[in-house]
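Asker: Listed below are the residues making up each chain.
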Amino acid sequence: MSDQLVFAMEVFLNGLMAGVLYALVALGFVLIYKASGIFNYAQGVMALFSALTLVGIMEGQVPFAHVINATFGTDLHHFGWHVPGFVAILLTMAVMVLLAICVQKFVFRHLVGQEPIILFMATIGLAYFLEGVGDLMWGSEIKKLDVGLPQGINLMIDETTFGWFGYGFFIDNLDIVATIIAALLVTALVIFSQYTKQGRAMRAVADDHQAALSVGISLNFIWVMVWSVAGFVALVAGIMWGTKSGVQFSLSLIALKALPVLMLGGFTSIPGAIVGGLIIGVGEKLFEFAIGPMVGGATENWFAYVLALIFLVFRPQGLFGEKIIERV
Amino acid sequence: MNDMTHDSYTTEDGRTIGGVVMEMKNITLRFGGVVAIENISFDIREGEIRAIIGPNGAGKSSMLNVISGFYVPQEGDVFYKGQKRPPMRPYQVAQQGIARTFQNIALFEGMSVLDNVMTGRLRQMKSGLLAQALWKGKAEAEEVANREAVERIIDFLEIQHIRKTPVSRLPYGLKKRVELARALAAEPSILLLDEPMAGMNVEEKEDMSRFILDVNDEFGTTIALIEHDMGVVMDLSDRVVVMDYGKKIGDGTPDEVRNNQAVIDAYLGVAHD
Ligand SMILES: Nc1ncnc2c1ncn2[C@@H]1O[C@H](COP(=O)(O)OP(=O)(O)OP(=O)(O)O)[C@@H](O)[C@H]1O
Ligand SMILES: [Mg+2]
Numbered sequence: 000m001s002d003q004l005v006f007a008m009e010v011f012l013n014g015l016m017a018g019v020l021y022a023l024v025a026l027g028f029v030l031i032y033k034a035s036g037i038f039n040y041a042q043g044v045m046a047l048f049s050a051l052t053l054v055g056i057m058e059g060q061v062p063f064a065h066v067i068n069a070t071f072g073t074d075l076h077h078f079g080w081h082v083p084g085f086v087a088i089l090l091t092m093a094v095m096v097l098l099a100i101c102v103q104k105f106v107f108r109h110l111v112g113q114e115p116i117i118l119f120m121a122t123i124g125l126a127y128f129l130e131g132v133g134d135l136m137w138g139s140e141i142k143k144l145d146v147g148l149p150q151g152i153n154l155m156i157d158e159t160t161f162g163w164f165g166y167g168f169f170i171d172n173l174d175i176v177a178t179i180i181a182a183l184l185v186t187a188l189v190i191f192s193q194y195t196k197q198g199r200a201m202r203a204v205a206d207d208h209q210a211a212l213s214v215g216i217s218l219n220f221i222w223v224m225v226w227s228v229a230g231f232v233a234l235v236a237g238i239m240w241g242t243k244s245g246v247q248f249s250l251s252l253i254a255l256k257a258l259p260v261l262m263l264g265g266f267t268s269i270p271g272a273i274v275g276g277l278i279i280g281v282g283e284k285l286f287e288f289a290i291g292p293m294v295g296g297a298t299e300n301w302f303a304y305v306l307a308l309i310f311l312v313f314r315p316q317g318l319f320g321e322k323i324i325e326r327v
Numbered sequence: 000m001n002d003m004t005h006d007s008y009t010t011e012d013g014r015t016i017g018g019v020v021m022e023m024k025n026i027t028l029r030f031g032g033v034v035a036i037e038n039i040s041f042d043i044r045e046g047e048i049r050a051i052i053g054p055n056g057a058g059k060s061s062m063l064n065v066i067s068g069f070y071v072p073q074e075g076d077v078f079y080k081g082q083k084r085p086p087m088r089p090y091q092v093a094q095q096g097i098a099r100t101f102q103n104i105a106l107f108e109g110m111s112v113l114d115n116v117m118t119g120r121l122r123q124m125k126s127g128l129l130a131q132a133l134w135k136g137k138a139e140a141e142e143v144a145n146r147e148a149v150e151r152i153i154d155f156l157e158i159q160h161i162r163k164t165p166v167s168r169l170p171y172g173l174k175k176r177v178e179l180a181r182a183l184a185a186e187p188s189i190l191l192l193d194e195p196m197a198g199m200n201v202e203e204k205e206d207m208s209r210f211i212l213d214v215n216d217e218f219g220t221t222i223a224l225i226e227h228d229m230g231v232v233m234d235l236s237d238r239v240v241v242m243d244y245g246k247k248i249g250d251g252t253p254d255e256v257r258n259n260q261a262v263i264d265a266y267l268g269v270a271h272d
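Chains as they are written, first to last, in numbering that gives the first Met the number 0: chain S, 0 to 327; chain Z, 0 to 272.
Incorrect hints may appear among the rest.
SDA-like cross-link-like pairs, simulated, lysine to any residue; straight-line CA separation at most 20 Å [unchecked claim]:
(1) Lys-24(Z) - Asp-76(Z)
(2) Lys-125(Z) - Met-224(S)
(3) Lys-125(Z) - Lys-243(S)
(4) Lys-174(Z) - Glu-150(Z)
(5) Lys-33(S) - Phe-191(S)
(6) Lys-33(S) - Met-87(Z)
(7) Lys-104(S) - Phe-220(S)
(8) Lys-80(Z) - Tyr-8(Z)
(9) Lys-125(Z) - Arg-202(S)
(10) Lys-137(Z) - Ile-190(S)
(11) Lys-125(Z) - His-81(S)
(12) Lys-125(Z) - Phe-191(S)
(13) Lys-33(S) - Ala-105(Z)
(14) Lys-125(Z) - Tyr-194(S)
(15) Lys-174(Z) - Gln-209(S)
(16) Lys-137(Z) - Gly-198(S)
(17) Lys-104(S) - Gln-91(Z)
(18) Lys-243(S) - Ile-190(S)
(19) Lys-137(Z) - Tyr-194(S)
(20) Lys-33(S) - Met-199(Z)
(21) Lys-142(S) - His-81(S)
(22) Lys-125(Z) - Lys-104(S)
(23) Lys-33(S) - Ala-187(S)
(24) Lys-163(Z) - Gln-193(S)
(25) Lys-125(Z) - Phe-319(S)
(26) Lys-163(Z) - Lys-243(S)
(27) Lys-174(Z) - Lys-137(Z)
(28) Lys-33(S) - Ser-111(Z)
(29) Lys-246(Z) - Tyr-70(Z)
(30) Lys-125(Z) - Ile-180(S)
(31) Lys-125(Z) - Gln-193(S)
(32) Lys-204(Z) - Leu-156(Z)
(33) Lys-33(S) - Ser-167(Z)
(34) Lys-104(S) - Met-87(Z)
(35) Lys-104(S) - Arg-88(Z)
(36) Lys-163(Z) - Tyr-194(S)
(37) Lys-174(Z) - Asp-207(S)
(38) Lys-125(Z) - Lys-142(S)
(39) Lys-137(Z) - Gln-193(S)
(40) Lys-137(Z) - Phe-191(S)
Hints in this document: simulated from the structure, not taken from any laboratory. For clarity, every value in this text was computed on a predicted model and none was experimentally measured.
Construct all of the structure, not just a fragment, from the sequences and the given hints.
Answerer: Have a look at this one:
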C-alpha cells in the first residue's frame with residue numbers, strides 16, 4: 000500500500016474522532032430545536048460554561064471570588080478542598096438543570112408564541128450573558144481539565160497498524176473514549192425518546208403544542224427537561240473538548256462549527272447531526288491533507304462552511320430532512 | 000353545592016343519567032371588545048350527551064375552551080364534581096380526566112395513528128424514568144396494559160387498517176376519528192367534542208354518530224359536543240344548550256329547544272352550512 004494512502008487512512012480516522020465532537024454539539028442544537036423551535040445559539044457557550052463549572056467545582060474554586068473580593072476587600076480564591084471528578088460531574092449537572100429552569104422561567108416562558116427570529120435573538124443574548132457569568136464566576140484564565148479520562152497515543156492501534164503497514168497510526172485514547180461515550184449517549188437519548196413517558200411527551204410537544212396540552216402534557220416541564228438534556232449533552236461535549244484542549248473561552252467557538260454540521264444534517268434530525276458531524280470532521284481533515292499544502296494550508300477554517308454552502312444549494316432540507324415542497 | 004345529589008333518571012333507551020358533574024356559573028369571556036360569552040350558566044350531568052349549538056361565532060368553541068382550560072374567563076366559576084375549580088392550565092384539566100378534540104383537528108402529524116392514540120394514555124403511565132428506561136417488571140406490565148387498552152379503542156373505532164399509517168397521510172374524516180380515539184384513550188370522565196362531524200359526508204357522519212352513542216352507552220362517558228347538523232343533534236343529545244352572540248337563548252331537551260321561539264328565530268331560521 001502506498002504511503003499516501005496509509006497516511007490518508009490515519010487522517011480519516013482522526014477526522015472521524017473530531018467529527019464526534021462536532022456531532023455532540025450539533026446534537027444539543029437539534030434537541031432544543033425539535034422540541035421548542037428555538038435555534039439555541041448558546042449551545043456552545045453552554046458547553047464552555049459547564050466545563051468551567053466542572054473545573055471550578057473540582058478545584059474547589061470560590062465562585063464569584065473576584066466580585067466578592069472587590070466588594071468586601073477579602074482575598075478568597077479556593078475553599079481548599081478538591082472534589083472527585085465523578086461527584087463534580089453530578090454537581091455540574093445539577094447546575095445545568097438549574098440553568099435550564101432559569102432559562103425557561105425568566106426568558107422563554109415569556110416568549111411563547113413569538114417569531115423564531117425573536118427566540119433566536121434571545122438565545123444570542125443568553126450566550127453572551129452566560130459567557131459573562133462564566134467569566135465572573137470562575138475567572139477567564141485557561142484551565143486544565145482532567146476527570147480521569149485516558150489520554151495519549153493508543154499503543155495497541157499504533158503497534159497493530161505498524162505490523163500491517165510498517166507505519167503506526169497516532170490515535171489518541173481520549174478520542175476513542177469520546178467516541179464510545181458519544182455512542183452511548185446517543186443510544187440512551189434514542190431509548191429515552193422512544194420508550195419512556197417523558198420521551199413520548201417530548202416528541203408530542205415537538206409535534207403540536209395544542210394537542211400536547213390536550214393530553215395533559217405541561218409544556219413548561221417538557222421545555223425545562225429538554226434544556227436540561229441539552230445541558231447534559233453540552234457538559235459531555237465540554238468535558239471532551241476541555242480535556243483535549245483546555246477549558247478556555249474559545250471553546251464556545253465550537254458552536255460555530257456545529258452550524259455547517261446542522262446545515263448538512265438538517266436541524267431536526269438526530270442521525271443527521273451525527274452523520275453531518277462525521278462528514279465535516281473527516282472532510283476537513285482529508286481536505287487539509289490532500290489540498291491544504293497546495294493552497295497554503297489553514298483550509299480547516301473555511302472548508303466546513305463552504306461544504307455546507309454547496310450542500311444548502313442542492314439539498315436545503317439537509318441529509319435527513321423531509322423534502323420541502325411548497326404548497327400552492 | 001349539592002348538585003351532585005340531583006335525582007338521577009333513566010332515559011327512554013335505558014341509560015342512567017346521574018347528577019351534575021360539571022357546572023358553569025355566570026361565565027363571561029371577552030376578547031378585547033368582543034364578548035364571546037356573556038354571563039352563561041349551564042350544567043352537564045353524569046352520563047349524558049350534552050349538545051351546544053348556535054350560529055357561527057356564537058361562542059360555542061369558546062365555551063368548550065373555557066371548560067378545558069384553554070381560555071380563562073374574566074368572570075364566573077367552573078364547578079367540577081361539586082368542587083369549585085381553581086384557575087387551571089389546559090394540561091391540568093386534562094389530567095383531571097377531561098379529554099377533548101378540536102374544531103380544527105390537533106393531531107401529532109409526524110406520528111403514526113398508533114403513536115397518536117398512545118399519547119392519549121400518558122396520564123396512565125406512572126413508572127419512574129429509570130424503571131422505564133431499563134424496561135423492567137412494573138414498567139413492562141404497565142406498557143402492555145396501555146397497549147392493550149389502545150388496541151381496544153382502535154378496534155372499537157374501526158381504524159385497525161390504518162394503525163401504522165402516519166396521520167399526515169389520512170383523509171379528513173379519518174383524522175377526526177383518530178382524534179376521538181386519542182381522547183378516548185385517556186379514559187376520560189368527560190369528553191368534549193368540537194364539531195366532530197364537520198366536513199364529513201353522510202356516511203361518515205352516521206359512523207361518527209354511532210361511535211359517539213356507543214362510547215356513551217358502553218363506557219358511560221359523559222359527552223359535551225358542539226354540532227351544526229340539527230338532525231344529528233336532535234338524534235344524539237339528551238339536552239341542548241343554545242347560544243347566540245355569546246348569550247344563552249335556550250336550554251333543555253331537544254324537543255323543548257326545537258319548540259322554543261327564541262331558538263327558532265335566532266338559529267333555526269338561519270340557514271347554515
Ligand atoms: N382566541 C381568540 N381571540 C380573539 N377572539 C376570539 C378568539 N376565540 C374566539 N374569538 C371570538 O369569539 C367569538 C366566538 O367565537 P367561537 O369560536 O367561540 O364561536 P363558535 O360558536 O365556535 O363559531 P363556529 O361555529 O364558527 O365555530 C367570535 O367573535 C370570535 O371571533
Ligand atoms: Mg367553533
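Asker: Taking the hints in turn, state whether each one holds.
Answerer: Verification of the hints:
1. Among the hinted pairs, Lys-24(Z) with Asp-76(Z) is consistent with the structure: their alpha-carbon atoms are about 5 Å apart, no more than 20 Å.
2. Restraint check for Lys-125(Z) and Met-224(S): satisfied, since their Cα atoms lie roughly 17 Å apart, inside the 20 Å limit.
3. Between Lys-125(Z) and Lys-243(S) the CA atoms are separated by roughly 42 Å; this puts the pair beyond 20 Å, and the hint is violated.
4. Only pairs whose Cα atoms come within 20 Å are accepted, and Lys-174(Z) paired with Glu-150(Z) is accepted, the gap being roughly 17 Å.
5. A threshold of 20 Å between alpha carbons decides the hint, and for Lys-33(S) with Phe-191(S) the separation of about 15 Å falls inside it, so the pair holds.
6. A C-alpha spacing of about 27 Å is found between Lys-33(S) and Met-87(Z), which places the hinted pair above 20 Å, so the restraint is violated.
7. At most 20 Å may separate the alpha-carbon atoms for a hinted pair to count; Lys-104(S) and Phe-220(S) meet this at roughly 10 Å.
8. Between the alpha carbons of Lys-80(Z) and Tyr-8(Z) the distance comes to roughly 18 Å, so the proposed pair stays at or under 20 Å and holds.
9. Restraint check: the Cα-Cα separation between Lys-125(Z) and Arg-202(S) comes to about 18 Å, which is no more than 20 Å; the hinted pair holds.
10. For the hint pairing Lys-137(Z) with Ile-190(S), the CA-to-CA distance comes to about 18 Å; that is within 20 Å, so the pair holds.
11. Of the supplied pair hints, the one linking Lys-125(Z) and His-81(S) is violated, its CA atoms being roughly 40 Å apart against a limit of 20 Å.
12. Distance restraint check for Lys-125(Z) and Phe-191(S): the Cα-Cα separation of roughly 15 Å lies within the 20 Å cut-off, and the hinted pair is therefore satisfied.
13. Under the criterion of a C-alpha separation no larger than 20 Å, the hint pairing Lys-33(S) with Ala-105(Z) is consistent with the structure, at around 18 Å.
14. The hinted pair formed by Lys-125(Z) and Tyr-194(S) meets the criterion: a straight-line CA distance of about 13 Å does not exceed 20 Å.
15. Distance restraint check for Lys-174(Z) and Gln-209(S): the Cα-Cα separation of roughly 16 Å lies within the 20 Å cut-off, and the hinted pair is therefore satisfied.
16. Proximity of Lys-137(Z) to Gly-198(S) is assessed by CA-CA distance (about 18 Å); at most 20 Å being required, the pair is judged to hold.
17. Using a Cα cut-off of 20 Å, the hinted pair Lys-104(S) and Gln-91(Z) holds, with the two alpha carbons roughly 19 Å apart.
18. Between Lys-243(S) and Ile-190(S) the alpha-carbon distance is near 29 Å, which puts this suggested pair outside the 20 Å criterion.
19. Proximity of Lys-137(Z) to Tyr-194(S) is assessed by CA-CA distance (about 14 Å); at most 20 Å being required, the pair is judged to hold.
20. Using a Cα cut-off of 20 Å, the hinted pair Lys-33(S) and Met-199(Z) is violated, with the two alpha carbons roughly 33 Å apart.
21. For the hint pairing Lys-142(S) with His-81(S), the CA-to-CA distance comes to about 15 Å; that is within 20 Å, so the pair holds.
22. A hinted pair counts as satisfied when its Cα atoms are at most 20 Å apart, and Lys-125(Z) with Lys-104(S) does not qualify at roughly 26 Å.
23. With a CA separation close to 17 Å, the supplied pair Lys-33(S) and Ala-187(S) stays within the 20 Å bound.
24. For the hint linking Lys-163(Z) to Gln-193(S), the alpha-carbon distance of about 15 Å falls within 20 Å, and the restraint holds.
25. At roughly 34 Å between alpha-carbon atoms, Lys-125(Z) and Phe-319(S) are farther apart than 20 Å, so this suggested pair is violated.
26. Taken as a hint, the Lys-163(Z) and Lys-243(S) pair is broken in the structure, with Cα atoms around 46 Å apart against an allowance of 20 Å.
27. With a C-alpha separation of about 33 Å, the suggested pair Lys-174(Z) and Lys-137(Z) falls outside the 20 Å cut-off, and the hint is violated.
28. At roughly 18 Å between alpha-carbon atoms, Lys-33(S) and Ser-111(Z) fall within 20 Å of each other, so this suggested pair holds.
29. Annotation: proposed proximity of Lys-246(Z) to Tyr-70(Z) holds, straight-line Cα distance about 17 Å (limit 20 Å).
30. A distance of roughly 30 Å separates the Cα atoms of Lys-125(Z) and Ile-180(S); the hinted pair therefore is violated under the 20 Å criterion.
31. Annotation: proposed proximity of Lys-125(Z) to Gln-193(S) holds, straight-line Cα distance about 16 Å (limit 20 Å).
32. For the proposed pair Lys-204(Z) and Leu-156(Z), the alpha carbon gap of about 13 Å is at most 20 Å, so the pair holds.
33. Between Lys-33(S) and Ser-167(Z) the alpha-carbon distance is near 18 Å, which keeps this suggested pair within the 20 Å criterion.
34. For a cut-off of 20 Å, the pair hint linking Lys-104(S) to Met-87(Z) stands: about 18 Å separates their Cα positions.
35. The suggested pairing of Lys-104(S) with Arg-88(Z) holds, with an alpha-carbon distance near 16 Å, which does not exceed 20 Å.
36. As the CA atoms of Lys-163(Z) and Tyr-194(S) are separated by approximately 17 Å, the hinted pair is consistent with the 20 Å bound.
37. Under the criterion of a C-alpha separation no larger than 20 Å, the hint pairing Lys-174(Z) with Asp-207(S) is consistent with the structure, at around 15 Å.
38. Proposed proximity of Lys-125(Z) and Lys-142(S) is contradicted: the alpha carbons are some 44 Å apart, above 20 Å.
39. The suggested pairing of Lys-137(Z) with Gln-193(S) holds, with an alpha-carbon distance near 18 Å, which does not exceed 20 Å.
40. Between Lys-137(Z) and Phe-191(S) the CA atoms are separated by roughly 17 Å; this keeps the pair inside 20 Å, and the hint holds.
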